[in-house]
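First to last, the sequence lines map onto chains A and B.
Under the numbering used here, the first residue of the first sequence carries the number 1122, and numbering increases by one thereafter.
Under the numbering used here, the first residue of the second sequence carries the number 18, and numbering increases by one thereafter.
No lab work stands behind these hints, which were simulated from the structure alone.
Note that CB positions come from ideal geometry on N, CA and C, so glycine has one too.
Just to be clear, a hint being listed does not mean it is correct.
Taking lysine to any residue pairs in the SDA-like style, the calculated list, with each CA pair at most 25 Å apart, reads [unchecked claim]: (1) K296(B) <-> A1295(A); (2) K1151(A) <-> L307(B); (3) K1255(A) <-> Y1274(A); (4) K296(B) <-> W1232(A); (5) K1151(A) <-> K296(B); (6) K296(B) <-> F1170(A); (7) K1151(A) <-> R127(B).
Pulled a few chain A residues facing chain B out of the computed Cβ check, cut under 7 Å [said to hold, decoys possible]: (8) V1215; (9) I1223; (10) L1338.
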Amino acid sequence: MLLVLISGLALGALYGMTAIVYNVTYSTAKVLSFGTGHFAMVGGIIGAFLILGLHWPIWAGLLGCLLVGALFGYATELLAVRRVLVSSDQHLWVLSTLALAIMVQEAMGLWWGTDPTPFPHLFAQQRGGLLDQKYWLPIIAAALMAGGLEIFYRHTLLGKIFVAVSEDDFAARARGLDTGRVRTLSFVMAGTLGALSGFAAGQLTFADFNLGTTLSLAGFIAAALGGIGSSLGAMVGGVVMGLLTAFTSHFFGAEYQKTIAIGLLALVLVSRPQGLFGRPLMRDV
Amino acid sequence: MVGPAGQRRPQTIAAAAIALTVLVPPLTGNLYYVHVATVIGVYWILIATLNLLVGYTGTLSIGHIGLLAIGAYTFAILAGTVGWNSYLALLAGGVLCASIGLLLGLPSLRLPGFYFAMVTTAFGLIVSELALAEGWLTNGSVGMAAPTFPAPFASPDGFYTLVTLIGALVTWLCWNLARSMWGGRMMAVRDSRIAALSLGIPPARTKLIVFVFSGFSAGIAGGLFATSQSYITPDAFTFNLGLYFFVSIIIGGRGSIIGPFIGAVLLALIPELVGSLQKYGTFFYGAILLAVVLLIPGGFGELAARIGSGPKAGTSDATGTGPDLGRLHEAITRL
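Construct the complete structure from the given sequences, taking the supplied hints into account.
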């Protein structure tokens, strides 16, 4: 039972990190990218490829994986977001990010293969069980990510610029901030953080090209549950989702994971559309 | 594509051309061509009404594949295992999918686009998950055989006729809906929710009605799909197939019926014609979707309309500062 709990927490940490990545792009661009979970998928596969395939040392593998994630984030902004935001149609970004996510997923499937492959151990370990690093790595990474972002937003100039742009894009531009560059930077950051989450949780999820869609969905549910825009909400939403997933698979079998998750989403959206920690949605009049 | 008098002629030509194309597969006598045409026809029954939802009301439903699967399984279970009349089972699948559409749409259609897209994505995934899990009902991954229709529609050619007839009926319904007040209502909801509200059009209810209608026809399409495949497994209802429905509408152009039709036919045919593309099929859908969204957000339908309407309309759109007296005059005389 303790094992179910810890695996639920680990899964929840991964979902929470994905939800945080959603927040990072949503705050500056007001875009929820369909490819948010794909950042982690790419991170996991590239990490496994560099370390197991090319026999790079772990630190180099992590660095390479983050670099690819940053590139993917940059490409997302460049291809799927920048041009679309200029147009008046507000829903086009749903389509463009979906298209890019599909292309990346299929390309990864063709290149890497469609079978999930194991991810290397990052530290030597004697035995599994409760202390298995595959559970603790994502939890630690999530805590570091949430804490680091909080420090970044509150105590660095760049972070404050991010906050300014997310609060009022127009006013930030009037103060001479290059909002376009901030948006690009936020996507690069999202890609990097997403890849990091995939790397940290690689031993839990395996390097699987199919992970992206599931994770986009689970991370979105976590973000919607916690309230989009709130880091605390993202972590809480992620942990709730993760525990729910772990316990439903334990008691009812893995087949019902998504059914339960979507039930949760429907429940939240009906009863509290702004999420647990979110600000109420404004009417767009 | 709402047809004032001036546009009716090309539409008649298009309808005649489609009617002629529909006749071709049986005439070749090649069973495989008939099969491909039948499957495209089945897809079109779903896409035609999904188009009302995606193209006209701007609601991004990616999970219609789930409704197709439910329709297919309902048909296979009721007509096959339980032994109902095929038509009754087909209708039951439609009604079931319409009710599921109602239940799904009621909470989620009030939400912003991305939320709804996510909810429908999840729905599509859930259905294939449950089809695999609930072995007592669906036979799990083994799948189940789907019955055929009685006498006049039992042969491949006959079944193709049935699909064509239903397809024509659905197209006719959609076309009527699109050019009546409803079409305007749906587009008002798509283009400006606020403006629609101020005119007394309830956006959520409008979308819900369209969603229920599209659910019904997706259920019907599912039953026909089961028969056309003669054997269904959960693998038949991949997320990629759902993507195909969606992409063919987007590339065909929103607010048009002929555009998505051409999109559906082309997207289904290209992987059939170019065998090597089959492996890259989904990648290809993604690439087309991205290219269309970035380059021609109105889809190929709009591009064709722009080319078809000649340079005059094109230039007046481009400059758009002075009054275009020629077009004004044309519009008045048309009234």
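Quick rundown of the hints versus the structure:
| no. | hint | in the structure |
| --- | --- | --- |
| 1 | K296(B) <-> A1295(A) | 50 Å, violated |
| 2 | K1151(A) <-> L307(B) | 19 Å, holds |
| 3 | K1255(A) <-> Y1274(A) | 29 Å, violated |
| 4 | K296(B) <-> W1232(A) | 12 Å, holds |
| 5 | K1151(A) <-> K296(B) | 35 Å, violated |
| 6 | K296(B) <-> F1170(A) | 23 Å, holds |
| 7 | K1151(A) <-> R127(B) | 19 Å, holds |
| 8 | V1215 | 5 Å, holds |
| 9 | I1223 | 3 Å, holds |
| 10 | L1338 | 6 Å, holds |
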